[in-house]
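Colleague: One letter stands for each residue in the lines below.
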Amino acid sequence: MKKIIRLTVNGEPVEAAVAQNQTLVQFLREDLGLTGTKHGCGLGDCGACTVILDGKAVNSCLVLAIQANGSEVLTIEGLAENGKLHPLQQAFVDKGAIQCGFCTPGMILSAKALLEEKPNPTELEIRTALSGNLCRCTGYQKIVEAIDDAAKVMSGREES
Amino acid sequence: MNDFRVLNTRAPRVDAAAKATGQAKYADDFKMPGMLYAAILQSPVAHARILHIDTSKAKKLAGVENVVTSKEAGLIRYGVSPARYDETIFAHDKVRYVGDEIAAVAATSMEIAQEALSLIKVDYEEIPAVFDMFEATKDGAPQIHDEFPGNINAEVHQEFGDTEAALKSCDLVVDHTFLNKRQDAAFIEPHSCVAVFDHAGKLTLYTSTQVPHYVMRTVAMTLQIPVGNVRVIKPYVGGGFGPKCEATPLEMSCGLLSKITGKPVKMTYSREQVFLHSRARHQFYAEMSLGVMNDGTMVALKNKAVLDGGAYTSFGIATVYYSGSLLGGPYKLKAMKYDGHRAYTNKPACGAQRGHGGVAHRACFEQLIDMTAEKIGMDPVEMRLKNIMTAGDMTVNELDMSSLGMKECIEAIREGSDWNNKKGKLPKGKGIGMACGFFVSGAGYPIYRSDTYHSTVVIKMSEDGGVANLLTGSAEIGQGSDTAMAMIAAETLGIPLENVRVYSGDTDYSVDLGAYSSRQTLMTGHATKEAAEDLRDKIAGFLAEEMNVEKSGITFVDGIVKFDDAPGNFEKIRTSYIKEHRGWTDQPSGEFLTFREAARLAFLKGGTLVGTGKYKPHRLGGSYKGAAVGTSPAYGCSAQIVEVSVDLETGQITVDKMTDAHDCGLAINKMSVEGQMQGSLSMGLGECLFEEVKFDSRGRVLNPSLGEYKIPTALDMPNVRSIIVESNEPNGPYGAKEVGEGAIMPTIPAILNAIYDATGVRINELPVTSEKLFMALVEKNRIV
Chain A
1 MKKIIRLTVN GEPVEAAVAQ NQTLVQFLRE DLGLTGTKHG CGLGDCGACT VILDGKAVNS
61 CLVLAIQANG SEVLTIEGLA ENGKLHPLQQ AFVDKGAIQC GFCTPGMILS AKALLEEKPN
121 PTELEIRTAL SGNLCRCTGY QKIVEAIDDA AKVMSGREES
Chain B
1 MNDFRVLNTR APRVDAAAKA TGQAKYADDF KMPGMLYAAI LQSPVAHARI LHIDTSKAKK
61 LAGVENVVTS KEAGLIRYGV SPARYDETIF AHDKVRYVGD EIAAVAATSM EIAQEALSLI
121 KVDYEEIPAV FDMFEATKDG APQIHDEFPG NINAEVHQEF GDTEAALKSC DLVVDHTFLN
181 KRQDAAFIEP HSCVAVFDHA GKLTLYTSTQ VPHYVMRTVA MTLQIPVGNV RVIKPYVGGG
241 FGPKCEATPL EMSCGLLSKI TGKPVKMTYS REQVFLHSRA RHQFYAEMSL GVMNDGTMVA
301 LKNKAVLDGG AYTSFGIATV YYSGSLLGGP YKLKAMKYDG HRAYTNKPAC GAQRGHGGVA
361 HRACFEQLID MTAEKIGMDP VEMRLKNIMT AGDMTVNELD MSSLGMKECI EAIREGSDWN
421 NKKGKLPKGK GIGMACGFFV SGAGYPIYRS DTYHSTVVIK MSEDGGVANL LTGSAEIGQG
481 SDTAMAMIAA ETLGIPLENV RVYSGDTDYS VDLGAYSSRQ TLMTGHATKE AAEDLRDKIA
541 GFLAEEMNVE KSGITFVDGI VKFDDAPGNF EKIRTSYIKE HRGWTDQPSG EFLTFREAAR
601 LAFLKGGTLV GTGKYKPHRL GGSYKGAAVG TSPAYGCSAQ IVEVSVDLET GQITVDKMTD
661 AHDCGLAINK MSVEGQMQGS LSMGLGECLF EEVKFDSRGR VLNPSLGEYK IPTALDMPNV
721 RSIIVESNEP NGPYGAKEVG EGAIMPTIPA ILNAIYDATG VRINELPVTS EKLFMALVEK
781 NRIV
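Those protein sequences? They're chains A and B, same order as listed. When we follow this note's numbering, the leftmost residue of the first sequence carries the number 1, and every step to the right adds one. When we follow this note's numbering, the leftmost residue of the second sequence carries the number 1, and every step to the right adds one.
By construction, these hints were calculated from the structure, which means they are not laboratory data. The model shown is predicted, which means the values in this text are computed figures rather than measured ones. One or more hints might be untrue.
Straight-line C-alpha distance at most 30 Å; calculated DSS-like pairs for lysine-lysine [as the list claims (entries may be wrong)]:
1) B:K263 - B:K121
2) B:K332 - B:K423
3) B:K616 - A:K2
4) B:K572 - B:K538
5) A:K118 - B:K551
6) A:K2 - B:K31
7) B:K710 - A:K56
8) B:K710 - A:K118
9) B:K657 - A:K152
10) B:K430 - B:K60
11) B:K263 - A:K2
12) B:K423 - B:K538
13) B:K710 - B:K657
Which stretches of chain B does chain A cover? Using the computed rule of at least three CB atoms under 8 Å from a CB of chain A, they are [unchecked claim]:
14) 19–27
15) 88–94
16) 183–197
17) 668–676
18) 679–685
19) 706–712
20) 716–723
Note that beta-carbon positions come from the ideal geometry of N, C-alpha and C, so glycine has one too.
Taking the hints into account, I'd like the entire structure generated from these sequences.
Modeller: Dropping the structure here:
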């Protein structure tokens with residue numbers, strides 16, 4: 001039995017019939033073709049599937065698509081505006097925070113949720129916000145530096 | 001200082017924006033019309049004879065398109081090294097570990113494929129299994145492969161000099177043993193593949209691999225398709241670290257099912273399957289004796305190794321050789337003896353992982369050096385400096401250190417960490433430790449015996465002369481090779497980085513052995529440089545002819561052309577270029593001829609302009625058995641100092657600071673070099689303190705998830721002070737060499753030496769959990 005859900009994805013209204021056991025990450029990737037959200041473990045361990053659901057960073061493999069009914073979802077594809085990278089994306093590019101890139105969408109979205117709540121986070125606050133997003137390539141250092149940089153740009157403390 | 005315009009900078013990666021926006025496609029992101037979903041049936045038991053396989057029920061399930069077993073796949077044996085082909089696509093007579101592949105299903109949905117697996121009935125006759133590498137080689141142990149009695153998969157015996165005599169001549173001989181644990185590479189992207197077999201009989205695999213070339217060869221062999229009809233395309237890869245260096249049953253199953261059904265077939269491993277497939281770090285047991293003189297001079301090293309290989313060989317022969325050969329440096333030794341063997345056990349096969357074969361034995365050796373230094377009352381830094389090799393030295397096992405900034409690395413971390421003010425002066429519970437290591441810049445020989453080029457590269461100019469398209473089979477897996485190649489091409493052609501586009505990871509583009517043994521910067525880099533030089537030379541030739549000047553006076557830099565350092569008389573070329581491109585937005589201007597105009601002229605005279613380059617190493621190594629393993633055109637090296645805090649009440653360890661200096665030759669891209677250094681240290685920290693793949697008494701993995709198998713998070717990893725030490729490697733393109741694996745070699749022993757400094761307890765088994773350290777502290781206090 002499928003159910004109809006209505007939600008907003010990256011600012012666009014979406015209406016779809018989904019199986020009740022379909023997860024949000026499957027819905028985004030398989031049904032909507034938004035493959036920027038990555039599937040790394042399916043158990044909520046790695047954070048690669050992180051999206052922002054009603055302002056909060058969540059593992060989309062642990063959310064059912066029907067639970068997102070009526071919600072607003074932001075995926076990595078919805079971050080750049082008018083072809084211009086979001087300051088977080090730009091900082092990840094400039095600071096060498098990206099290697100294989102598989103954790104990157106989730107990292108950026110976790111960072112975005114953090115900065116909405118705390119525009120001027122400490123290093124420990126950044127590291128804590130990322131602690132559910134695993135990265136095996138970078139050792140996290142350049143990711144933390146990039147988020148710190150983006151925070152400064154976004155809060156107007158530094159020119160982009 | 002140097003005159004480089006593109007190299008040696010901190011250029012953002014060429015693929016960064018695609019990855020930051022979600023546009024970068026990984027294998028699991030591909031979807032094709034009519035695509036089927038495949039799944040593999042894996043053995044639930046560790047050792048059993050297969051009596052019967054019944055797939056009839058699975059075949060009848062609606063939506064199932066095909067089911068294959070060894071009957072359809074055949075019994076062609078494959079593996080990594082032709083000397084030990086011990087696998088077939090599917091098990092036929094028996095299964096050898098929990099996870100051994102038995103059958104594969106293709107269906108119209110993933111759910112149906114999974115359901116079909118549950119309908120396949122396999123009758124097993126369980127037989128005794130052996131899971132411990134020491135038990136496996138004892139008399140009467142269950143035999144895993146008939147061809148390898150005693151479960152000895154490979155053994156190595158090497159001696160250089162007279163080790164026993166040398167040890168006898170020493171003032172002091174110190175012994176140490178060390179045991180690490182089986183690790184998982186824990187790349188975040190699970191293996192995934194889409195296979196497309198077309199009507200022309202051609203098979204294309206889009207697969208998450210480090211080695212498109214080897215996958216192409218293996219799949220062609222096992223599926224009996226002419227190798228020219230197999231194309232392997234590596235999309236973006238979410239990390240490899242070694243285990244993605246060989247063809248997988250996943251790739252072969254997809255290929256076979258696509259060949260049979262005529263439809264695209266996709267399969268992605270679950271995280272649990274990644275653990276079951278494994279091919280990651282072995283468990284190593286090391287036993288060593290180091291002989292020294294009272295003044296700290298190292299004389300001789302005796303080294304023994306036992307490796308737990310799991311059920312198949314994978315890279316194992318090379319691994320067991322590396323555990324010996326990579327101790328030949330970076331310290332001068334007069335004699336070295338190595339005896340190692342790799343045992344088969346009824347567990348997933350181990351293979352190559354970052355620092356292949358060298359990491360555990362390096363950890364043992366570097367601890368042993370500290371133990372020895374303490375006994376003779378010498379500072380560990382001084383003891384290492386006293387014995388250090390320098391550029392031009394040859395190890396006792398004939399590895400040629402054509403460049404080696406090891407001494408500079410040690411001095412850099414001593415300074416960078418303020419060692420002299422800390423060593424021996426820290427409060428109780430705080431410790432500081434150091435270690436060194438080195439690694440190959442590309443294996444000296446291919447995995448199969450061949451005179452093949454290790455890398456070839458094609459650079460093709462766009463018709464307007466504005467873009468150099470670089471075609472290579474090399475594998476960008478996150479390490480930054482696409483960016484490094486673009487930078488080498490841009491530097492050589494004398495054009496800005498943004499004017500180079502890289503197309504990589506496709507066996508149709510060029511020959512490249514792939515991303516393993518830290519080889520691409522040096523090897524693909526050489527081929528790239530040669531291709532760019534070839535192209536540059538062709539353009540210069542056409543220009544010289546057109547302008548009636550000497551070719552030797554033509555130079556390209558920053559996208560412009562100079563003739564004996566002057567603008568030259570190029571008006572005719574510019575006028576015609578502008579005329580040809582009327583209405584375009586980016587007409588050439590300025591007082592010099594642009595590269596674009598020069599390349600366009602060359603196109604008009606000679607058609608599509610192509611430069612090609614190739615590379616294979618010169619003959620390397622000694623003539624003894626196994627001399628090939630460990631050889632390389634160049635060696636990168638690293639020294640690290642780690643500072644820890646230990647809670648003496650609980651054994652809890654916090655790594656406070658890490659200082660790392662790495663000699664990578666010329667740093668092509670400094671940001672990428674630091675990234676490799678920091679990532680290596682993170683993996684080493686995890687292996688030292690947390691990581692262990694655990695099994696139950698029946699050979700089942702107990703922790704096949706990233707929640708239970710713990711890798712470092714952002715809260716576990718301190719910031720690393722990363723110091724790039726640059727030497728000029730004569731065998732490297734522009735003097736460059738590796739960083740990706742050498743940087744992990746010192747991490748574990750540096751942490752262990754720091755823990756000893758903090759506690760007085762020498763831990764000889766990984767991982768150093770707080771429980772293990774606590775128990776060791778209790779034991780020490782009891783004895784004291």
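Colleague: Give a verdict on every hint.
Modeller: The hints, checked one at a time:
1. For the hint linking K263 (chain B) to K121 (chain B), the alpha-carbon distance of about 26 Å falls within 30 Å, and the restraint holds.
2. Restraint check for K332 (chain B) and K423 (chain B): satisfied, since their Cα atoms lie roughly 25 Å apart, inside the 30 Å limit.
3. Straight-line distance between C-alpha atoms of K616 (chain B) and K2 (chain A) comes to about 58 Å, which puts the hinted pair past the 30 Å bound.
4. For the suggested pair K572 (chain B) and K538 (chain B), the alpha carbons sit about 20 Å apart, so the restraint of at most 30 Å is met.
5. Restraint check for K118 (chain A) and K551 (chain B): not satisfied, since their Cα atoms lie roughly 61 Å apart, outside the 30 Å limit.
6. A threshold of 30 Å between alpha carbons decides the hint, and for K2 (chain A) with K31 (chain B) the separation of about 22 Å falls inside it, so the pair holds.
7. Of the pairs offered as hints, the one joining K710 (chain B) and K56 (chain A) holds, with about 25 Å between alpha carbons and a cut-off of 30 Å not exceeded.
8. With a C-alpha separation of about 28 Å, the suggested pairing of K710 (chain B) with K118 (chain A) holds against the 30 Å cut-off.
9. Our distance criterion of 30 Å between C-alpha atoms is met by K657 (chain B) and K152 (chain A), whose separation comes to about 26 Å.
10. Note on K430 (chain B) and K60 (chain B): the hinted pairing is violated, with a Cα-Cα distance of about 66 Å set against a maximum of 30 Å.
11. A C-alpha spacing of about 28 Å is found between K263 (chain B) and K2 (chain A), which places the hinted pair at or below 30 Å, so the restraint holds.
12. Distance restraint check for K423 (chain B) and K538 (chain B): the Cα-Cα separation of roughly 59 Å exceeds the 30 Å cut-off, and the hinted pair is therefore not satisfied.
13. The suggested pairing of K710 (chain B) with K657 (chain B) holds, with an alpha-carbon distance near 21 Å, which does not exceed 30 Å.
14. By the rule of at least three residues with a Cβ nearer than 8 Å to a Cβ of chain A, the coverage given for the segment 19–27 of chain B holds, with 8 such residues.
15. Closer than 8 Å: that is the beta-carbon criterion, and the segment 88–94 of chain B has 0 residues meeting it against chain A, so the requirement of 3 is violated.
16. Interface restraint, the segment 183–197 of chain B with chain A: holds (6 residues with C-beta to C-beta distance below 8 Å; minimum three).
17. Residue count for the segment 668–676 of chain B with a Cβ under 8 Å from a Cβ of chain A: 4. That meets the three needed, and the coverage hint holds.
18. Using a Cβ-Cβ cut-off of 8 Å, 5 residues of the segment 679–685 of chain B lie near chain A, which meets the minimum of three, so the contact claim holds.
19. Look at the segment 706–712 of chain B against chain A: 4 of its residues bring a Cβ nearer than 8 Å to a Cβ of that chain, three or more, so the hint holds.
20. With a threshold of 8 Å between beta carbons, the proposed coverage of the segment 716–723 of chain B by chain A holds, since 3 of its residues qualify and at least three are required.
In the structure shown, a violation is registered for the earlier hints numbered 3, 5, 10, 12, 15, in ascending order.
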